[in-house]
Structure formats: structure tokens, C-alpha cells
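*Asks:* One-letter residues, chain by chain:
Number of protein chains: 2
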Amino acid sequence: MAFQSFHPPVRTLMGPGPSDVNPRILEAMSRPTIGHLDPVFVDMMDEMKELLRYAFQSDYALTMPVSAPGSAGMETCFVNLVQPGDKVVVCQNGVFGGRMKENVERCGATAVMVEDAWGTAVDPNKLEDALQANPDARLVAFVHAETSTGAISDARTLAEIAHRHDCLVIADAVTSLAGSPLKVSEWELDAVYSGTQKCLSCTPGLSPVTFSDRAVSVVKERKSKVQSWFLDLNLVLGYWGGGGKRAYHHTAPINALYGLHEALVIVHEEGIEQSWQRHRNNHEALRVGLEAMGLSFAVDAASRLPQLNAVNIPAGVDDAAVRTRLLQQYHLEIGAGLGPMAGKIWRIGLMGFASNRTNVLLCLGALDAVLGEMGAPIERGVAVGAAMQAYQSQAGN
Amino acid sequence: MAFQSFHPPVRTLMGPGPSDVNPRILEAMSRPTIGHLDPVFVDMMDEMKELLRYAFQSDYALTMPVSAPGSAGMETCFVNLVQPGDKVVVCQNGVFGGRMKENVERCGATAVMVEDAWGTAVDPNKLEDALQANPDARLVAFVHAETSTGAISDARTLAEIAHRHDCLVIADAVTSLAGSPLKVSEWELDAVYSGTQKCLSCTPGLSPVTFSDRAVSVVKERKSKVQSWFLDLNLVLGYWGGGGKRAYHHTAPINALYGLHEALVIVHEEGIEQSWQRHRNNHEALRVGLEAMGLSFAVDAASRLPQLNAVNIPAGVDDAAVRTRLLQQYHLEIGAGLGPMAGKIWRIGLMGFASNRTNVLLCLGALDAVLGEMGAPIERGVAVGAAMQAYQSQAGN
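Heads up: the protein sequence lines correspond to chains A and B, in order. Oh and the first sequence: position 152 is 547 in this note's numbering, straight run, nothing missing. Oh and the second sequence: position 89 is 484 in this note's numbering, straight run, nothing missing.
There could be a bad hint or two in this list.
Claimed, not checked - Calculated lysine-lysine pairs in the DSBU-like style (CA-CA distance at most 30 Å, straight line):
no., chain 1, residue 1, chain 2, residue 2
1, A, 496, B, 618
2, B, 640, A, 739
3, A, 496, B, 620
4, B, 615, B, 482
None of these hints come from the bench; they were simulated from the model. All of these numbers come straight from a predicted model, not from anything done at the bench.
Here chain A stands alone, though its shape is the one from the complex (with noise of 0.2 Å):
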């Protein structure tokens, strides 16, 4: 039997996650590999860590890249600020407040839930009368914002009320990480992880992690040895940790180092605020664009992430077959629904490198033809102009 070599097609990204990655990000990653103790990388990791500082608006020592996807970046929080008995207050509002529930279990804790409708925000009075309820807890976990339905929280507030009840914070922003306004530090969130594949347009596989100097010493000072030893921060900080000699701990993934390296440099260039600013202008021409062509959000405008947009599958039509002619006609990847929303929503992205002009009025205009030529309700023609007069608006600005 003979293999080839992959030659994959080139796709348009426009799901939850892989977004279109920076060709100059590729480019970085295909540099030569070098040793993982070398001076070098060493000089590199420490820039890392300023960068994803800048990036997480976070000033916490212990910010690093996990060596593994948004999901072992997850784990890590959990394995390492949880201990067996422990009571976690977790929100749930999607997907991915369902996987913190298994985390905290699996770490021989008990999770509290707080329940609220998918597509809708956390809601920070449920918060407050569970941490009153279990006055024992110490920890409360939220998504920033759910890749599962497009909904961002108000993190700000989630920490101040947990807090306030003497409990430390773990906060997902797989998502929101350079797409929707994150600061860390300011609003005093504990154990934050993302992920590479979403706003930052790396590829995936590694997951950013900061730690407040309060959640490094819960991790320092826990009796129990943290369940994991891939993920224990008192070992893996021998490596990633500042100053001295860099311990071997694993083998660091070098290469998707680089990548994650210039996609962090990409981010610096451009700036921040004026990276969520971006997210939030194609998100408006986009939206224009959807409604004008028929289409409703699944999100109040209040709750919408800019960088994922949850939209209304109409009624009557085949959800696999739109998204499998986009694929094959366009080359273009819209993400489906997960879990009660599958086959409800379709999930678009428009995330880092992907969240640009090009791709906003390439999705409309292929929804436009795909979706009228299955016969779907929608108004035809008018979305790419309706979007075009939405960026035009905004230069005016």
C-alpha cells in the first residue's frame, strides 16, 4: 500500500475554531526546531510570557502556554487549584460550563451548578444566591464567553460577587482571548486559560494560562499532590518558571511555540483595543448583512460575541446539506450547533485573521447563493451591499 503526502485544500475558516491562521504564522512555525533547553528558546519563552501578558491585559508572574490544547489548559486550572472535598460553584450557559462540571468531579470535589438558558449571559444574581447557599465553597468557575452559543458574561462582575464570598475565580477565555475586552488583572480573575485556534489565528494545540499570585499559592501550599503530573504547575514552573536554570520537565512543543510566538508579536503590532475594536466592526457588517438577508441572531444584541455569531437555522431548511455545499462550493467552514442547539444555529466566526472584510462578504454572499437556490425564506441579493454600506458607515465615523 502506498501513502502520499497530505496536501489538505485551502479552506475559509469561518467556524468556532481553527479561525484562518496568519500565513505568517505558518511561516514561523516551519523555522528550524531547536533544543527546548537551548539559550535561545529560553530567551523566547521569557518573551512569550511579556506577550501573552499583553495580550490576557494580565501582569500575573505565572502566565505561560500550556503544552496542549483549550481543554488541557481547562484541566489545568482545575486539577491544580481543586482538592478532593472541595466544593466549586460552576455557571453553566453552554458547553463548556458542562465540561468544568466534570473537571470539578473528577477531581473528587462537589459542583454546585448555576443554571442559565444556552444563548443567554450568566446571571450574576444566580451567583449570588448559590455562594450564599453554600458559604463553603471556594471556588467559582465561569465561560468569559461560550463558544458553544455565542454568549459573552460579565466577568467583571462574576469575580467581584465571588470574591466577595472568599472564593477564588477560574475563567474560560477560549474564546474571548483578543476578540471581546479581557483584563485580567483589573478585574481580578484568578486562573484564566484560552486556547490558540480562535483569536489569535494560531493553529491548534497550545493553551495560554495566567495565575494570580493568590491561585499560585493555593497550588503551592495544597496537601494533596495535584492529580496530574502532566499538568502540575509546582513541577511544569521549574521549566516555564522565571530566573535560574530551566529544569527539564517535558519536552516543549518547540515549533508550535514559534507560531504562538508571532501570532502574539501579530496581536502587539496591531494593538489590543484596537484588535477588539476589528473583532466588533466586521461582527456590525456582518450582522447588517444577516438581517438584511432575513436572518435573526440567537443572542440578544447585548449578550453577542462579536467573534462568534449564533445565528437561526430558518425553518425548513437542511442544516448538513447548507453547510456541506459551502464547503464544497466556497471552500467556506461555518460551524454547526452543539448539543440542544444542533441543527438550530449555525455558529460563524470571525475570528483574529478571519475576522476581515474579504471573508465577511464572501459568507454572505455564498449563504445568499447556497440558501436561495435551496429554496430557503430569505430576502435574496441584498446582503453584501447591505454589509458593504455598513463598512462605509464606519469609515465615516
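For this one, chain A is given, so just place chain B on it according to the hints.
*Replies:* Just chain B, lined up with the frame of chain A:
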């Protein structure tokens, strides 16, 4: 503050890994990112499983790469197969047996240690004794090729003993895969993990694993949940398992997987036996050269790994100064000793793409020059010629 793109120097990597990466692999990694549920990507995943089975000489259905480095592959084996209260016999003859013990204990199980001197193979008689003394043991774990010492153990015999005592076998094949004979199915190893950055010559960051049906049954029938959500094979198989629809578990590291696919295509093109033989041949030439220089090996000939040469540091020679000079003057990286062997040995890797004649001659020439300049007690000017003669006699065979 301004940040620049990171441009690494070009090194020759002859340490314990990462090893020199084949440029074909670096190029493959820079191809356009596509979605982790894209049908084209899913087809590539199926092909990758075939290629991994070939490299492992395994016919196990569960054969796939874990989305994180080798340490996470180790943890995948332990957290899935070990349950709280279990007794696991761990053979230790270097760093990685110790890490296995950590894994066992963090799973709430007991590790019975079988200790052998660093730099020697695991003694099958000691394993037999330990299993007779511990009839309630359920698992045996050992390292096939100890990266920390350069010693290989007899995996087939160790597995036979374990099975006679009704134990499953976990084997570390991080450094052996594609470098030394490894026949997973024939030897009936039940759970084997490896890494990409050794004899596959790929970048670090992924960990191929292969599990026998017997091991999969244990994972499926265990009473307690796997303590790691990220590494729980019951969930991961929803994505990597064969047939039907692939369910999202975590976002796969797309471009890293392009690289691994290319690495495996290269192994398949060469042939696995041919790859083992090439590692043997280059090791022989290096050995002849080092011995002509007056250097000696830390491991007996019978247990010596061809891909990782543990060389005794001559008395009075400054370990770190030699390695620094090799790096600065020759861009050549060799490895330091670990644990009790720190300062006593160098670890010279000849792994995968790095196992070639050019590297052997560079390493011998550079060591000759650097050790000579530093006044080490070596025979100067003979190593390269001796190695060339060894190559010529190999060609004459």
C-alpha cells in the same frame, strides 16, 4: 517595547530529543489549516492510524496520537488503565520509571518498584520475583528504551512474564519507536506510548499510543471515571475511533498532525526494518570513532541503544563548558546526563533524520577539536578516519 519575529539559529540536534527534523516535515506543518471535523481531515486521520500501526508493528484498533507530548502519552496509559487501590509493578532503571511511579501514585494506586542500576537493562528475574511476591498486581510497567541512560530492555521477555502473572503491560517506547526493533503485537504489549521528537524526527508535541483490545476492555469496563477528562479514552475515541460520525472532544492540533503524517510517510517509504538498520549502522560508526578517541560508553554493548549513546565524560573535563562550546562554535547540541548521571555522561542522539553520516562525522570532528583544545586526555585526529573506515566496511558487507 518592540517585539520581533523569532528566528532560531540552525542547529544540529544530537541530544536526547528533539532530534533534527526532516525539512519535508517542517514544510508539511506549514500547509493551510483546515477544520478538525473537515471530511478531508477525517480521511487523513484514518490514514495516520494505519501508518502508526505500521511504525509500532501493531494491529490494534486503538492506535492514535494523543494531542500532547510524550509525558501526556504516559499519563494516558496510566489514568485509563489504573484504578484507585490497584497494585502496579513498575520497573525502574532511569528517570522515566520514576515518572511512572508518580503516575501510579497520583491515580490512587500502589507502585511496587523493581529497581535496576541506571545504565543497565531491567532484570527479568527481578520482575518475576516481584510478581510472585505480589500476586494481586494487575499491571506491569517498564521503559523499553531509557532515554535518560541509553539502555534497552527486553520488552518481549518482560511482557511474557507479566502475562503469565495475569498482568497487563504498559511500555514506554518514546525513544525506541522507529529506532530499535519494536513489535507491539507480536510481543503482546498492551499499552504503548511514544513521542514524535525522537526517531520519527518530527517536532515535539504529540504522543502516539496503541492499546490492545484487552487493554481497551479494561478502559471501557472500569468502575470509576478516568480522572483526566482530556485524556479519557472513552471520550477521545468518539473523535479518533473508527467508523461513523466523529464527535467533537477537543480541537485536534491540526498542523502538528500534518507533520506527524509526513513523518510516518517517510518511515513507511524507508521501511521500518531499514530504519532500525540505519540507526544501527550510524551508531556503529560513531562508536568506532569515539572509542578511537579514547572515550567509553556508560552502557554495556548488549544493552546499548543505537539512537542514544551515553558516553562517559573523561575525568577532569568540564561537562557544561564542552556542551556550550559545541553549541556556540559548531551549532551542535548534545545532551547532558540526568539525575545521578548528571555531570558523568553525555547523551549523544542519532535519532531518525539525525541518524546520518554527516552528523556522525560532525560530532566526532567537533568533539575531537573541543576536547583537544580543552586539554582532555583523548587521542586526537583519529576519530573521523576511524568512523569512515567503519562505514566503508559496512558498505563492503
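*Asks:* Hints first: check each against the structure and report whether it holds.
*Replies:* Structure-based check of all given hints:
1. 496/A <-> 618/B: This hinted pair holds, its Cα atoms lying about 19 Å apart.
2. 640/B <-> 739/A: Given pair residue 640/B, residue 739/A holds - Cα atoms ~19 Å apart, limit 30 Å.
3. 496/A <-> 620/B: 13 Å, holds
4. 615/B <-> 482/B: Between residue 615/B and residue 482/B the Cα gap is close to 19 Å, so the pair holds against 30 Å.
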